[in-house]
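Taken in order, these protein sequences are the chains called V and S.
Residues 11 to 752 in my numbering are what the first sequence lists, from first letter to last.
Residues 5 to 155 in my numbering are what the second sequence lists, from first letter to last.
Keep in mind the hints are simulated off the structure, nothing from the lab.
Please note that the accuracy of each hint is not assured.
To be verified - Derived lysine-lysine pairs resembling DSSO-like cross-links, with alpha carbons at most 30 Å apart: (1) V:K508 x S:K70; (2) S:K70 x S:K135; (3) V:K256 x V:K420; (4) S:K133 x V:K508; (5) V:K508 x V:K256; (6) V:K268 x V:K297; (7) V:K256 x V:K291; (8) V:K291 x V:K440; (9) V:K440 x V:K366; (10) V:K111 x V:K366; (11) S:K70 x V:K570; (12) S:K135 x V:K555; (13) V:K420 x V:K508; (14) S:K146 x V:K552; (15) S:K146 x S:K135; (16) V:K440 x V:K20; (17) V:K291 x V:K420; (18) V:K268 x V:K304; (19) V:K268 x V:K20; (20) V:K438 x V:K508; (21) S:K146 x V:K570; (22) S:K146 x V:K555; (23) V:K552 x S:K70; (24) V:K508 x V:K555.
Remember, it's a predicted structure, so these values are computed and weren't measured experimentally.
Below, each chain spelled out in residue letters.
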Amino acid sequence: MSIEDDELIKDFIVESQEHLSDVESQLLTLETQQDGVDVALVNKVFRAVHSIKGAAGFLGFEVLESLAHRGEEVLNRLRNNEMRPTSLVINTLLKATDRLKGLLDSLETSNEQDVTEHIVALERLLNDQSSVAAEPEDGPIIETHETPATKTASTKTTSEVSIGHSPQETESIGSAIHDAAIVSAVDSTIRVDVSLLDTLMTRVGELVLARNQIMQFTSELGNTDLLRTTQRLNLITTELQEGVMKTRMQPIGNVWSKFPRLVRDLAVICGKEVRIEMEGKETELDKTIIEAIKDPLTHLVRNTVDHGIEKPEVRRSIGKPVEGCLTVRAFHEGGQVIIDISDDGAGLNLDRIRSKAIEKGLVSQEQIARMQEQEIAQLIFLPGFSTAEKVSNVSGRGVGMDVVKTNIEKIGGSVDLQTRPGQGTTVKIKIPLTLAIIPALIVTSAGNRFAIPQVNLLELVRLEGEQTTKSIERIQGAPVYRLRGRLLPLVYLRNVLKTNVENETPQDVINIVILRADDRQFGLVVDRINDTEEIVVKPLSKQLKGVAVYSGTTIMGDGKVALILDVLGLAYASQVISKMRDGALIDPSGRAKESDGEPQTLIILGTGTSRRLALPISQVARLEKISKASVEFADHQEVVQYRGKILPLIRLASFLGLESKETAEDELLNVVVYNENQRSFGLVIDKIIDIVETSLQLNHPSTREGLLGSVVIHDRVTDLVDLPAIIRMIDCPLPRHLTANV
Amino acid sequence: MSTAIQSRASQLCTFYLDNQMFGIDVQSVQEVIRYQQMTDIPLAPDSVCGLINLRGQIVTAIELRKRLGLPNRPEGQLPMNVVVRSDDGAVSLLVDQIGDVQESDEENFEPPPETLRGSTRQLIRGAYKMKDRLLLVLDTEKVIDVTSNVE
Chain V
11 MSIEDDELIK DFIVESQEHL SDVESQLLTL ETQQDGVDVA LVNKVFRAVH SIKGAAGFLG
71 FEVLESLAHR GEEVLNRLRN NEMRPTSLVI NTLLKATDRL KGLLDSLETS NEQDVTEHIV
131 ALERLLNDQS SVAAEPEDGP IIETHETPAT KTASTKTTSE VSIGHSPQET ESIGSAIHDA
191 AIVSAVDSTI RVDVSLLDTL MTRVGELVLA RNQIMQFTSE LGNTDLLRTT QRLNLITTEL
251 QEGVMKTRMQ PIGNVWSKFP RLVRDLAVIC GKEVRIEMEG KETELDKTII EAIKDPLTHL
311 VRNTVDHGIE KPEVRRSIGK PVEGCLTVRA FHEGGQVIID ISDDGAGLNL DRIRSKAIEK
371 GLVSQEQIAR MQEQEIAQLI FLPGFSTAEK VSNVSGRGVG MDVVKTNIEK IGGSVDLQTR
431 PGQGTTVKIK IPLTLAIIPA LIVTSAGNRF AIPQVNLLEL VRLEGEQTTK SIERIQGAPV
491 YRLRGRLLPL VYLRNVLKTN VENETPQDVI NIVILRADDR QFGLVVDRIN DTEEIVVKPL
551 SKQLKGVAVY SGTTIMGDGK VALILDVLGL AYASQVISKM RDGALIDPSG RAKESDGEPQ
611 TLIILGTGTS RRLALPISQV ARLEKISKAS VEFADHQEVV QYRGKILPLI RLASFLGLES
671 KETAEDELLN VVVYNENQRS FGLVIDKIID IVETSLQLNH PSTREGLLGS VVIHDRVTDL
731 VDLPAIIRMI DCPLPRHLTA NV
Chain S
5 MSTAIQSRAS QLCTFYLDNQ MFGIDVQSVQ EVIRYQQMTD IPLAPDSVCG LINLRGQIVT
65 AIELRKRLGL PNRPEGQLPM NVVVRSDDGA VSLLVDQIGD VQESDEENFE PPPETLRGST
125 RQLIRGAYKM KDRLLLVLDT EKVIDVTSNV E
């Protein structure tokens with residue numbers, strides 16, 4: 011018994027007991043079949059003993075194993091009709107069975123116990139060919155003496171732990187009480203169908219709702235006796251709810267127990283040496299969550315061994331211990347469970363990720379250049395990203411890190427990744443304890459109540475008076491709110507849900523619920539913020555599964571049904587997050603950039619009446635004024651002759667679908683000349699307003715092609731132009747842009 | 005329901021929609037209840053009109069008039085709930101009015117006429133020729149599977 015899982019041992023005890031309980035009656039039946047045994051019945055006994063043998067061997071209970079092994083051999087003879095089920099044979103088998111039971115009862119000392127007499131007796135049966143016609147005498151076996159542990163109460167067993175130990179067991183003696191708990195677990199546990207627990211959970215959920223309703227009525231009535239009873243009911247319900255939730259809790263070790271083997275096998279396949287260390291495997295989680303994280307965790311562990319940890323020779327050459335170490339840790343923090351998977355391997359190959367991401371068209375060169383290392387590491391969570399250079403059967407079967415991320419997020423969790431080149435990678439997963447009952451914020455929009463899970467909630471903002479009109483600005487019609495200097499996209503719940511859109515009268519108060527979805531923040535504007543409440547999550551019916559903005563339903567205190575909003579679904583529906591998650595790369599929170607954003611010189615351009623655009627000056631070759639008369643057409647494209655070359659002109663405003671203030675009277679065109687790969691392009695703009703030096707903080711990544719996002723420059727919202735993207739679009743123009751150009 | 009045969013095919017829970025008589029297998033009906041307050045579901049499929057709290061169980065209500073492409077119920081007329089069982093829990097069908105449980109013999113049954121319009125056709129198993137009118141038998145499973153053919 012080294013580091014084996016207690017859970018595994020408990021299961022082994024329970025299962026073995028079940029096997030043995032049948033064996034006794036089966037053996038007795040066999041004894042009556044002197045003329046020829048029922049082979050099927052012998053097989054049953056054989057399988058029972060065999061599985062005990064197998065499990066005992068696996069768990070390192072050698073004495074148990076050897077005894078089961080001998081019994082199995084005798085049964086084999088019986089099965090092959092090489093032996094008759096005389097009473098001597100059956101007797102011996104029964105005694106051996108009893109002894110097996112005794113060993114199971116005192117499992118922790120089983121390896122020190124003496125079972126020689128049983129083994130000898132069984133072996134005698136095997137060697138004694140005459141036993142085919144054996145005499146029905148009971149023989150010497152009957153005189154066997156039970157060792158104290160065999161049929162004594164568990165108290166005695168425990169005491170034996172502290173007396174009859176051998177040196178090799180010293181470590182387990184330190185936890186004698188713990189072991190006693192295992193022993194008594196046999197008698198004090200029963201197996202329960204999961205569906206029964208699920209039903210129980212549902213009923214408790216209903217009880218919670220009924221309780222909420224009663225509490226509401228009670229407070230209206232104001233009867234003190236009733237109030238007292240209700241408070242008791244409240245208390246009992248809460249305790250019951252906790253109790254039932256506990257029955258569904260399982261230690262995360264249940265998932266992990268497979269990891270040592272997995273890591274060992276993978277390491278062999280990959281020709282690596284890897285050791286796995288596990289901490290906090292007793293950390294408990296709801297069964298449904300355990301199920302949900304099983305695959306993502308396995309995938310991460312697999313990835314780590316396959317990609318994270320270097321080959322032994324590499325490790326030796328850089329002075330690391332030859333054996334790589336994979337650490338899995340789980341612990342509670344702030345009502346959530348954190349799971350860390352870290353290794354001391356090579357860390358992520360950021361250069362490879364960079365080139366891969368560009369090659370796959372997930373991000374532009376431009377974007378990559380601006381990214382912090384940690385942001386680049388996050389790229390591996392993008393759909394369609396897989397750095398595995400060759401598809402091994404270990405990883406890279408199309409299930410990428412994006413699936414890991416999606417699956418974790420589905421259960422309300424989050425994934426974070428930290429990597430240090432040469433030192434290793436840590437993946438941090440945060441998951442809720444349970445999914446069945448969650449704290450939620452209740453809001454009202456267009457007369458309907460909705461629940462928003464607290465996990466997604468960041469803060470609440472209330473705008474009053476003239477703030478309501480002043481502090482909400484618009485970028486191309488999209489409302490934004492300046493939250494401590496950062497632009498926060500606003501989403502009106504009424505609009506997303508298409509309820510009473512026409513009834514959008516200016517309100518005296520604007521309530522903004524600031525939510526986080528997938529690293530992205532946005533403000534959800536609702537009519538009213540009601541309260542926070544513990545809600546019982548009920549699944550959506552089949553008819554509503556397709557509606558992405560809801561994640562479930564619940565019953566409120568007044569007995570009415572409310573829908574639970576799916577924040578990620580809302581973000582997608584309102585296009586705060588585009589499907590490709592491209593915008594997420596710009597780090598909307600600005601966390602990484604705030605402190606060390608590199609100052610850049612920008613040209614501020616004006617277009618239309620009020621819009622401002624910005625271009626990094628580093629991308630600009632010259633600023634020119636070109637006479638309108640010199641503009642010619644080539645292949646439906648406006649061009650001018652410029653320094654002996656043909657310079658294609660791009661009318662920025664119309665290209666981006668913005669209005670232009672340019673009038674027919676203007677003689678000259680303002681042109682920004684831009685060079686790329688020995689080609690030049692001219693951007694036609696309305697006017698140049700200013701040149702400023704600023705550190706870039708992209709707050710509101712744009713979903714519009716050709717724009718990178720918005721920044722605040724001189725207290726004005728300014729769109730940053732993505733020149734390379736524009737050039738790309740010119741190179742392979744989309745019909746929309748073609749018409750815009752001509 | 006004295007015999008199995010009787011209850012299996014020939015007992016129908018009937019109800020009215022836009023003055024037409026419809027029926028569903030009585031075996032699939034859990035209960036019939038009067039109008040219940042519903043929670044709106046913005047963005048839900050057209051024929052799904054709300055959620056009902058049925059003794060702690062959340063039941064999705066399907067407006068059968070919409071589902072069958074019939075005109076909307078006149079203002080002020082409250083529908084009744086025919087709660088049917090499904091693999092996915094209970095679903096309520098909103099109808100105008102409840103009729104009797106009808107015994108119908110197979111002789112009078114006919115598959116839907118060819119002239120029946122496309123989308124509705126799949127939802128109707130056939131018609132029983134009653135003395136004075138037709139009783140259209142609905143396929144409960146298809147009716148509640150609103151995602152399969154949303155018009």
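Here is what the structure says about each hint:
Of the supplied pair hints, the one linking V:K508 and S:K70 holds, its CA atoms being roughly 19 Å apart against a limit of 30 Å. This hinted pair checks out: S:K70 and S:K135 have alpha carbons roughly 28 Å apart, not beyond 30 Å. With a C-alpha separation of about 22 Å, the suggested pair V:K256 and V:K420 falls inside the 30 Å cut-off, and the hint holds. Proposed proximity of S:K133 and V:K508 is contradicted: the alpha carbons are some 44 Å apart, above 30 Å.
Restraint check for V:K508 and V:K256: the C-alpha separation of about 41 Å exceeds 30 Å, so the hint is violated. Of the supplied pair hints, the one linking V:K268 and V:K297 holds, its CA atoms being roughly 17 Å apart against a limit of 30 Å. For a cut-off of 30 Å, the pair hint linking V:K256 to V:K291 stands: about 16 Å separates their Cα positions. In summary, the hint linking V:K291 to V:K440 is supported, as the alpha carbons are separated by about 15 Å, within the 30 Å threshold.
A C-alpha spacing of about 28 Å is found between V:K440 and V:K366, which places the hinted pair at or below 30 Å, so the restraint holds. Restraint check: the Cα-Cα separation between V:K111 and V:K366 comes to about 60 Å, which exceeds 30 Å; the hinted pair is violated. For a cut-off of 30 Å, the pair hint linking S:K70 to V:K570 stands: about 24 Å separates their Cα positions. Taking the CA atoms of S:K135 and V:K555, the gap is about 42 Å. The hint is violated against a cut of 30 Å.
Straight-line distance between C-alpha atoms of V:K420 and V:K508 comes to about 25 Å, which keeps the hinted pair within the 30 Å bound. Between S:K146 and V:K552, the direct Cα distance comes to roughly 12 Å. Compliance with the 30 Å bound is thereby established for this hinted pair. Restraint check for S:K146 and S:K135: the C-alpha separation of about 28 Å stays at or below 30 Å, so the hint holds. Of the supplied pair hints, the one linking V:K440 and V:K20 holds, its CA atoms being roughly 29 Å apart against a limit of 30 Å.
Annotation: proposed proximity of V:K291 to V:K420 holds, straight-line Cα distance about 23 Å (limit 30 Å). Restraint check: the Cα-Cα separation between V:K268 and V:K304 comes to about 10 Å, which is no more than 30 Å; the hinted pair holds. For the hint linking V:K268 to V:K20, the alpha-carbon distance of about 16 Å falls within 30 Å, and the restraint holds. The hinted pair formed by V:K438 and V:K508 fails the criterion: a straight-line CA distance of about 38 Å is larger than 30 Å.
Taking the CA atoms of S:K146 and V:K570, the gap is near 28 Å; set against the 30 Å cutoff, the hint holds. The straight-line distance between the Cα atoms of S:K146 and V:K555 is roughly 16 Å, inside the 30 Å bound, and the hint therefore holds. For the hint linking V:K552 to S:K70, the alpha-carbon distance of about 18 Å falls within 30 Å, and the restraint holds. Restraint check for V:K508 and V:K555: satisfied, since their Cα atoms lie roughly 18 Å apart, inside the 30 Å limit.
Of the numbered hints stated above, those contradicted by the structure are hints 4, 5, 10, 12, 20, listed in ascending order.
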